[in-house]
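Participant: Just so you know, the protein sequences line up as chains A and B, in that order. Every number in our numbering is 16 more than the matching position in the first sequence, counting from 1. Every number in our numbering is 16 more than the matching position in the second sequence, counting from 1.
Hints were generated in silico from the structure; no laboratory data involved. Mixed in with the good hints there might be a few duds.
Claimed, not checked - Here are the simulated distance ranges between beta carbons:
{"no.": "1", "chain 1": "B", "residue 1": "273", "chain 2": "A", "residue 2": "144", "range": "54 to 62 angstroms"}
{"no.": "2", "chain 1": "B", "residue 1": "185", "chain 2": "A", "residue 2": "219", "range": "51 to 59 angstroms"}
{"no.": "3", "chain 1": "B", "residue 1": "467", "chain 2": "A", "residue 2": "340", "range": "30 to 38 angstroms"}
{"no.": "4", "chain 1": "B", "residue 1": "60", "chain 2": "A", "residue 2": "467", "range": "49 to 57 angstroms"}
{"no.": "5", "chain 1": "B", "residue 1": "255", "chain 2": "A", "residue 2": "130", "range": "28 to 36 angstroms"}
{"no.": "6", "chain 1": "B", "residue 1": "273", "chain 2": "A", "residue 2": "48", "range": "41 to 49 angstroms"}
{"no.": "7", "chain 1": "B", "residue 1": "185", "chain 2": "A", "residue 2": "48", "range": "48 to 56 angstroms"}
{"no.": "8", "chain 1": "B", "residue 1": "183", "chain 2": "A", "residue 2": "45", "range": "46 to 54 angstroms"}
{"no.": "9", "chain 1": "A", "residue 1": "65", "chain 2": "B", "residue 2": "255", "range": "45 to 53 angstroms"}
Even for Gly, the Cβ is constructed at its ideal location relative to N, Cα and C.
2 protein chains.
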Amino acid sequence: MATLTVWKFDNPTSAGEALDKLESLQKQQLIEIQDAAVVEWQPGEKEPKTRQAVSLTGPGALGGAFWGMLFGLLFFMPFFGMAVGAVLGAFAGRYSDYGIDDNFIKSVRAKVTEGTSALFLLTVTGSAAADKLQDELKGKMGSLIESNLTNVQEAKLREAFGEQKTAWQIGPRTLPPPDGASDFMRDAIAITPQPDPAKVQIEPQSEAEWLAVIAQLDEGKLDMAREISKQFSVSVEHDMIEGVNVYHVTPSEIDPRLEDKLFVHTHGGAFVLNGGEVCTLEAIVIAHLAKVRVLSIDYRMPPLHPAPTARNDVLSVYQHLLKTRPARSVAMGGSSGGANLTMGLVQHLIELGIDVPGALFLGTPGADMSKTGDSWYINDGIDRNLVTYDGFVAACIRLYANGRDLKDTLVSPLYGDFHGFPPTLLITGTRDLLLSATARTHIKLHQAGVVADILVYDGTAHADYVGVLGSPESDHAFAELKAFLLQHLQ
Amino acid sequence: MATLTVWKFDNPTSAGEALDKLESLQKQQLIEIQDAAVVEWQPGEKEPKTRQAVSLTGPGALGGAFWGMLFGLLFFMPFFGMAVGAVLGAFAGRYSDYGIDDNFIKSVRAKVTEGTSALFLLTVTGSAAADKLQDELKGKMGSLIESNLTNVQEAKLREAFGEQKTAWQIGPRTLPPPDGASDFMRDAIAITPQPDPAKVQIEPQSEAEWLAVIAQLDEGKLDMAREISKQFSVSVEHDMIEGVNVYHVTPSEIDPRLEDKLFVHTHGGAFVLNGGEVCTLEAIVIAHLAKVRVLSIDYRMPPLHPAPTARNDVLSVYQHLLKTRPARSVAMGGSSGGANLTMGLVQHLIELGIDVPGALFLGTPGADMSKTGDSWYINDGIDRNLVTYDGFVAACIRLYANGRDLKDTLVSPLYGDFHGFPPTLLITGTRDLLLSATARTHIKLHQAGVVADILVYDGTAHADYVGVLGSPESDHAFAELKAFLLQHLQ
Numbered sequence: 017m018a019t020l021t022v023w024k025f026d027n028p029t030s031a032g033e034a035l036d037k038l039e040s041l042q043k044q045q046l047i048e049i050q051d052a053a054v055v056e057w058q059p060g061e062k063e064p065k066t067r068q069a070v071s072l073t074g075p076g077a078l079g080g081a082f083w084g085m086l087f088g089l090l091f092f093m094p095f096f097g098m099a100v101g102a103v104l105g106a107f108a109g110r111y112s113d114y115g116i117d118d119n120f121i122k123s124v125r126a127k128v129t130e131g132t133s134a135l136f137l138l139t140v141t142g143s144a145a146a147d148k149l150q151d152e153l154k155g156k157m158g159s160l161i162e163s164n165l166t167n168v169q170e171a172k173l174r175e176a177f178g179e180q181k182t183a184w185q186i187g188p189r190t191l192p193p194p195d196g197a198s199d200f201m202r203d204a205i206a207i208t209p210q211p212d213p214a215k216v217q218i219e220p221q222s223e224a225e226w227l228a229v230i231a232q233l234d235e236g237k238l239d240m241a242r243e244i245s246k247q248f249s250v251s252v253e254h255d256m257i258e259g260v261n262v263y264h265v266t267p268s269e270i271d272p273r274l275e276d277k278l279f280v281h282t283h284g285g286a287f288v289l290n291g292g293e294v295c296t297l298e299a300i301v302i303a304h305l306a307k308v309r310v311l312s313i314d315y316r317m318p319p320l321h322p323a324p325t326a327r328n329d330v331l332s333v334y335q336h337l338l339k340t341r342p343a344r345s346v347a348m349g350g351s352s353g354g355a356n357l358t359m360g361l362v363q364h365l366i367e368l369g370i371d372v373p374g375a376l377f378l379g380t381p382g383a384d385m386s387k388t389g390d391s392w393y394i395n396d397g398i399d400r401n402l403v404t405y406d407g408f409v410a411a412c413i414r415l416y417a418n419g420r421d422l423k424d425t426l427v428s429p430l431y432g433d434f435h436g437f438p439p440t441l442l443i444t445g446t447r448d449l450l451l452s453a454t455a456r457t458h459i460k461l462h463q464a465g466v467v468a469d470i471l472v473y474d475g476t477a478h479a480d481y482v483g484v485l486g487s488p489e490s491d492h493a494f495a496e497l498k499a500f501l502l503q504h505l506q
Numbered sequence: 017m018a019t020l021t022v023w024k025f026d027n028p029t030s031a032g033e034a035l036d037k038l039e040s041l042q043k044q045q046l047i048e049i050q051d052a053a054v055v056e057w058q059p060g061e062k063e064p065k066t067r068q069a070v071s072l073t074g075p076g077a078l079g080g081a082f083w084g085m086l087f088g089l090l091f092f093m094p095f096f097g098m099a100v101g102a103v104l105g106a107f108a109g110r111y112s113d114y115g116i117d118d119n120f121i122k123s124v125r126a127k128v129t130e131g132t133s134a135l136f137l138l139t140v141t142g143s144a145a146a147d148k149l150q151d152e153l154k155g156k157m158g159s160l161i162e163s164n165l166t167n168v169q170e171a172k173l174r175e176a177f178g179e180q181k182t183a184w185q186i187g188p189r190t191l192p193p194p195d196g197a198s199d200f201m202r203d204a205i206a207i208t209p210q211p212d213p214a215k216v217q218i219e220p221q222s223e224a225e226w227l228a229v230i231a232q233l234d235e236g237k238l239d240m241a242r243e244i245s246k247q248f249s250v251s252v253e254h255d256m257i258e259g260v261n262v263y264h265v266t267p268s269e270i271d272p273r274l275e276d277k278l279f280v281h282t283h284g285g286a287f288v289l290n291g292g293e294v295c296t297l298e299a300i301v302i303a304h305l306a307k308v309r310v311l312s313i314d315y316r317m318p319p320l321h322p323a324p325t326a327r328n329d330v331l332s333v334y335q336h337l338l339k340t341r342p343a344r345s346v347a348m349g350g351s352s353g354g355a356n357l358t359m360g361l362v363q364h365l366i367e368l369g370i371d372v373p374g375a376l377f378l379g380t381p382g383a384d385m386s387k388t389g390d391s392w393y394i395n396d397g398i399d400r401n402l403v404t405y406d407g408f409v410a411a412c413i414r415l416y417a418n419g420r421d422l423k424d425t426l427v428s429p430l431y432g433d434f435h436g437f438p439p440t441l442l443i444t445g446t447r448d449l450l451l452s453a454t455a456r457t458h459i460k461l462h463q464a465g466v467v468a469d470i471l472v473y474d475g476t477a478h479a480d481y482v483g484v485l486g487s488p489e490s491d492h493a494f495a496e497l498k499a500f501l502l503q504h505l506q
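This is chain A alone, in the form it adopts within the complex (with noise of 0.2 angstroms):
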């Protein structure tokens, strides 16, 4: 049985020096507590401050989501009331089962207040902790405020809030063919079989068989891609620039409102496939529905040049365009791992002091390669292209980020800084594993004062815009994508 107490204090700083003694304390073993944490109230402030005893958390803790929410409830009242779920939920009600009612949230509210503080204890029923705090800060402990959690409310607390109980097991379902999405693109997933994740379960352990998995998952693309130009009467020219091969595809028609622009692709593959001139795939799209010309980068790709080595190709590249046209005059992206090279050249252009593009594309960026995100969990095993993070996906990421960190913003951009960036336009669908990592580039964007615009496809997975040709959505993606380049490039 445990006992949630709460000592007020009349200024605002005692409570933080009595969490520091007690960490002490707990840290020589004199004392026993089970969580703790503080609230700081500073005068003229309109919330207190709030903070968790981080070393004390030990098997008993109940751990952030639980102050969290408790302080919640108590100082900033967040409120579930909009929606069903949560009415039947009832939040304030679900603190009661646990002990902690309204006369004890009444009370903690009365009496914690501006330029006061409080420290919480969550004790075994009947320790002396706090006595013996007491004694050590010789008779300068606040008032008590108590409330007693007997066993039952104690195990439906720690049901509720034990950090190791909050992920949830979620149940098979049925999902029908995507009919939010045009007839087309339904028609084109519905033929798909489903995905399988233990099909992708690739992980090439030598360079030797990196190389020869390559080969075989970029086979035919080279015929597609040259299949592709031909149909769209789109030239593509083989060049070097600064010792990188590159790729001019220039459409049959060019809008004359962009005749002087340039779109700089960085496709996409997962930082290892479509190599060569297959990295000219999306390029050939991009020029023919954009009407643009596009300058395709075969950056070189592991397992031969682990990260760096791609975005410094691409920087190479860009930094020898500006010699010759302003930079306004540029777009640049692509989709999946090309989106993460545009997004971590772009932040590199940025602490270097160079002029950024006039304009952006993130199709579907690999934004944030740590499996983080919502998508990576709910779309597993739904998106029909990417199908999972853990297997080959997952394999080729730590290939390219070479034994740094996943979190690294080398790695992943999205954790890296935004201010700056130009216009950009994001492309996602609802069954796209990355889903999360663009919605979230996008937010990231917007709160740094980006012009950011997200398009989410109903029925569609990763990159299916550029996949799934002539459909409705593919077209209207391209569209978008002349429209904001009309719009920002100058």
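Take the given structure of chain A and dock chain B to it, following the hints.
Facilitator: Just chain B now, with coordinates in the frame of chain A:
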């Protein structure tokens, strides 16, 4: 065992005529085929047109998905080369498993060209259907390109393309607390008990039962609304406009640039909840965070007043407002069912030739109430607020629709027209049951040439931006709303 035969005609119309003949023979039961489609390529066109024989699709039919993708492969060349999963699936290779090999594809491509047409027939092998058709057409049948399917190939084809096989069975998964959200939001969600569809199987059977359930679900919300208005120093005053109950919701601080602007609030609650002064819950938040005057409409609701009473109440209030202020000085919106009403009202205003508001706010709009769209399925049991379509939500929709088809634009305005809509801000999240509805509305607005922005907050469920006050997501959402009003109201 089935045979797919292709008959080529040397002009663009004869295949269609043959198909018409075929349908007539099939109706008279003089001929038996399983499925058929035609390709018609008019001179001067870049691509052929295709159509499937609607009336022929019996139990043996493979359906639109099969034909659509076969024709795509043959004539429109969709490609799937950009992503891992698709490559492993090897699109073109799959067809070869089904007896549609390279030779077949090359042969059809070579023969069916501009100015010709072709009839594609799927028959039981050995059937005399094609012979009979030839007899009927008196020698005007085209030349033959044939592909015999083995039993194994036919089975594979049916497995991949049979319409009844296309739903995917998605397995169970673990969903951790949303680490892509802010810590505040993540912790708020982490303490929520896992949503349980079984707990929202509430389907009142009579007016009295409905009123009792509504009273129960709305219990405590009035205190909550008043507590929040007090905390935010927002004043709430009841009024009647054109016989409709409304509330003037005035923040303590109004942005000087919004001094003469008004936000007309249509509250959410699945068309039945949050009536009376409770309607001000979200309005108080909007007033406080966007620093704008709000008029919240307590429109009449089921069970006493099904559609279209609510919309007509909102219309009456809006028309009254236009007597004393320009439409462009008014913003309108709300969340969930409230966003549905705002969408429906604007469509109605355009029909009536009445000026539309200057800007709209559609928070997680209930735009499509027919269980169409991915997120009803993918986020079932994942959205902690709405939980599931099948249960209380569906019951509310049926009650409101009052016998109307759920795709009637009065019930699901997504199926209506969006031309002439004012600039619109939409908000959703990756766990939102209405993610698809929000995303589809956003795309439809863009397709209608409307300025529309969508914000997708990772990890958040239906209306969490208003449910978790004080979270960075909530603060950001309403800061964006304020900026949107400043930009678009006049």
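Participant: If a hint holds in the structure, say so; if it does not, say that too.
Facilitator: Here is what the structure says about each hint:
For residue 273 (chain B) and residue 144 (chain A), the Cβ-Cβ distance of about 60 angstroms falls inside the hinted range of 54 to 62 angstroms, so the restraint holds. At about 26 angstroms, the CB distance of residue 185 (chain B) to residue 219 (chain A) disagrees with the hint of 51 to 59 angstroms. The hinted window of 30 to 38 angstroms between residue 467 (chain B) and residue 340 (chain A) holds, with their beta carbons roughly 35 angstroms apart. Distance hint check for residue 60 (chain B) and residue 467 (chain A): the Cβ-Cβ separation is about 42 angstroms, which falls outside the suggested range of 49 to 57 angstroms.
Separated by about 35 angstroms at the C-beta atoms, residue 255 (chain B) and residue 130 (chain A) satisfy the suggested range of 28 to 36 angstroms. Distance hint check for residue 273 (chain B) and residue 48 (chain A): the Cβ-Cβ separation is about 57 angstroms, which falls outside the suggested range of 41 to 49 angstroms. A beta carbon spacing of about 50 angstroms between residue 185 (chain B) and residue 48 (chain A) agrees with the range 48 to 56 angstroms that was offered as a hint. At about 59 angstroms, the beta-carbon gap between residue 183 (chain B) and residue 45 (chain A) misses the expected band of 46 to 54 angstroms.
Checked against the hint of 45 to 53 angstroms, the C-beta distance between residue 65 (chain A) and residue 255 (chain B) comes to roughly 40 angstroms, which is inconsistent with it.
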